[in-house]
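Chains as they are written, first to last, in the UniProt record's numbering: chain A, 1 to 187; chain B, 1 to 629.
I should point out that these hints are in silico values taken from the structure, not numbers from a laboratory.
Glycine is no exception: its CB is placed at the ideal position from the N, C-alpha and C atoms.
One or more of the hints may lead you astray.
Claimed, not checked - Covered by chain B, per the in silico footprint, the following chain A stretches (three or more residues, Cβ under 8 angstroms):
(1) 138–150
(2) 160–174
Claimed, not checked - Distance condition first, Cα-Cα at most 27 angstroms in a straight line; then the derived DSSO-like pairs of lysine-lysine:
(3) K3(A) <-> K157(A)
(4) K622(B) <-> K483(B)
(5) K622(B) <-> K77(A)
(6) K12(A) <-> K549(B)
(7) K567(B) <-> K12(A)
(8) K549(B) <-> K50(A)
(9) K137(B) <-> K12(A)
(10) K157(A) <-> K566(B)
(11) K3(A) <-> K98(A)
(12) K12(A) <-> K622(B)
(13) K12(A) <-> K23(B)
(14) K527(B) <-> K549(B)
(15) K137(B) <-> K503(B)
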Amino acid sequence: MKKILILFAHPKFEHSDIQARLLASIAGLENILVRDLYELYPDFQIDVQKEQEAIFEADVLVWQHPIYWYSCPPLLKQWIDLVLEFGWAYGKSGIYLKDKYIFNAVSSGGSAEVYSTTGRNRYTLEEFLRPFEQTAYLCNMRYLKPFHLAGTHNIPKEELDRKAMEYRNFLLKLRDEPIEEPFIQKP
Amino acid sequence: MTGFLFSAIVFISAAILFVPLAKKLGMGSVLGYLIAGIVIGPYIFGFIESGNQGQDIMHTTEFGVVIMLFLIGMELEPKNLWKMRDLIFRIGLTQILVTAALIFAIMLALGISWNIAVAVSLSMALSSTAIVLSSLKEKNQMGSPVGKMSFGVLLMQDIAVIPILAVIPLLAITGGEISSADAHGADSFIETLPTWAQTLSIFLAIGLVVLIGRFGFGPLLKWVSKTHLRELFTASALLIVFGISWLMQLVGLSPALGAFIAGVILANSPYRHALESDLEPFKGLLLGLFFMAVGATINFELIQKQPINIISIALGIILIKGLVLFGLGKFKKLNLGQNLSFALGLAQVSEFSFVTYSFAIQFDVIDQELSDLLMAITALTMAFTPILSVLMDKLVVGKLEQEVIDSDQKMDDIHEKNQVILLGFGNFGSTVGRFLRANGVEATILDYDPERIEFLRKLGFRVYFGDGTQINVLETAGASEAKILISTLDDPNQNILVAEICKEHFPHLDLLVRAKTRSDAYELLEKDIQNIYREQLDTSIRMGEDVLKKLGFRAHTMHRLAAQFKKYDEESLKILVNFKNDQKEYLSTAKQHIEQQESILSGELSKKFSLNDYAWDSEQLKSENSDKK
């Protein structure tokens, strides 16, 4: 059984329906750990060593967050800036992330159609998430396809429940079975 | 027309009239005092009688020089003094010997007997500590290369006084029927001792000064400062200087030198700034009187009889001394501008020579007439050099100096002048101080609790004893040069007082002031203080933030709202201070306080404060999107 670490970033989780539903679906599962970054570091003073220790334990990492302005909330960017240190995450002696799996689990107000070359946002979600992909690439990680919950502004309850279940099952599969999904990794 | 009060009025009025005038004309205070002395002296208004009155005043007020050297000593740490050894012994000694040799040779050539020539040339080689150091301090040049060189030379001259006084009796041709103890005037007992005992007692005396300075003064001042009686502290400061002078005189050493040594030992003392600010006025007054006395002793009658002779001798001596000094300046690689002000600054004859002349008369080395002549010449050199310096500054140095100013400032390592002054080092101030220090910023720290100072010094903080509500204490702590003053005294009224003083006397200072309550903050706001730190504000809001988190509110949201609440509270303070003014006449302070609290608690501003937080709210976005569909 692999260990999954969810790095969760939501600046106002108390107003959240979508992300709250996603987290609720995986609550209490064995070996699936959530680090609620905005609760841990309300003043943005990230404890780098603690974060690195937590990552060290995990086999699969998840950047879970709502999409704001085509990117992640600022604390997650801060987390990447500080925790993924040279000499630890990348560089010659930066071997601690090697071969770990990672992906973005995001929600967006815009629908799946909006995130396409013909849609209003003009680019696909994968393209918007390139910086994350490349970050994982540089750190010798295995970047999986993002999990996307789209169109949250007017999502029916049944659809939300279905997606939450899908998320839960996906994580369980990653946890329990050998991973056969395609991924991107530095050769 | 005598009597103490009348004399005091004459002296002070003359000083008040002429010193500011001289300063306005860019001549420095020394020249102002000299002119005042000439004016009230025997040849113009005659308030001071001709004869010995001027000299008596001069001898009495010479004590100003002693205090001055004590104060200068305190600004020099022993390790800095050690760095100056080359200046003191090589440059200083060369200056004395070469100058004396030149004057001696010229006098011999003029057919003056050798013993007179020795006595006169040695006396004339010395420069006036009082004039030179006063002008350097006034021009703020003590830390500059010129200041350091001048100081090194003067220090050597002070040491040289001892052998010179020892040599003069040996020059007596008629043999000394007068006992040397009488001649000295002071109660110097050691001259009756054999030479080895004299040397021994000199070393013993210096050793005693060092020992008392190390272990005696600190406890004494601590004991006195605990009484919180300011005048007693001032008295103790004077006691220290008097005591050392007496001890030095006892063994025949220069009191100024002893005071200087004691000063150096106290350079690291927490009481340094307090001693400085207490002794400074005495020094100033005594030196002022001293300069006036010098002006008054200039014998114009004598000068009138042979004006060309005397003036040309005076100028000649300035020239010789100046040339020797210029050569030394050249050797130490001073640039032209620096060298000129160094050479000319030290070119006058020392006030000490008045002592040697009268000493020499007592041993019949010179007669009264020659002594009068020499005194006139000495006084003239004292009057000429400041005038020449002013001319030099105006005409030559001013132009040259422009380029040098920068390098001068960098060399200023004698003084401990920090950018930040921190008043009060209790719980509040010490936290500020520790944080500053953690970031490599050293502050000049003042506190008035002797116990606390002692404890903090053991922890390695350089805390000084001093009452920050005194202008002169702030001045000696470097308020004129500092950028920021932090007042974290425990008593809010004292902080307000400090703020008032600084606003008035040091308007350039950025003030950061601790306040206890809202009403303290109001008072500070009314004094136009912008940086006010209410001591409970941050902590209590942080506590509230933690309570809300424990109740299940999200940490980051509470953090943001706490920051906003603090901002709101500080802004409302600035609004409510006006409200306070309107109500001032109608309400008692207590009622006023309650009213203000109520207006804050129930005020429109704080109502629904947190509910109006729309950050990351997507409701409007959602409704607009659904409208589109």
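Going through the hints against the structure:
1. 138–150: violated (count 0)
2. 160–174: violated (count 0)
3. K3(A) <-> K157(A): 30 angstroms, violated
4. K622(B) <-> K483(B): 53 angstroms, violated
5. K622(B) <-> K77(A): Holds - the C-alpha atoms of K77(A) and K622(B) are around 26 angstroms apart, at most 27 angstroms.
6. K12(A) <-> K549(B): Since the Cα atoms of K12(A) and K549(B) sit roughly 14 angstroms apart, the hinted pair holds (cutoff 27 angstroms).
7. K567(B) <-> K12(A): 21 angstroms, holds
8. K549(B) <-> K50(A): Given pair K549(B), K50(A) holds - Cα atoms ~21 angstroms apart, limit 27 angstroms.
9. K137(B) <-> K12(A): 63 angstroms, violated
10. K157(A) <-> K566(B): Roughly 40 angstroms between the alpha carbons, so the hint for K157(A) and K566(B) is violated.
11. K3(A) <-> K98(A): It holds: about 15 angstroms lies between the C-alpha atoms, which stays within 27 angstroms.
12. K12(A) <-> K622(B): Cα-Cα ~17 angstroms, so holds.
13. K12(A) <-> K23(B): Not satisfied, since the Cα-Cα distance of roughly 68 angstroms exceeds 27 angstroms.
14. K527(B) <-> K549(B): Answer violated: K527(B) to K549(B) is near 38 angstroms, above 27 angstroms.
15. K137(B) <-> K503(B): 25 angstroms, holds
The structure does not agree with the numbered hints 1, 2, 3, 4, 9, 10, 13 and 14 stated previously, though it agrees with the rest.
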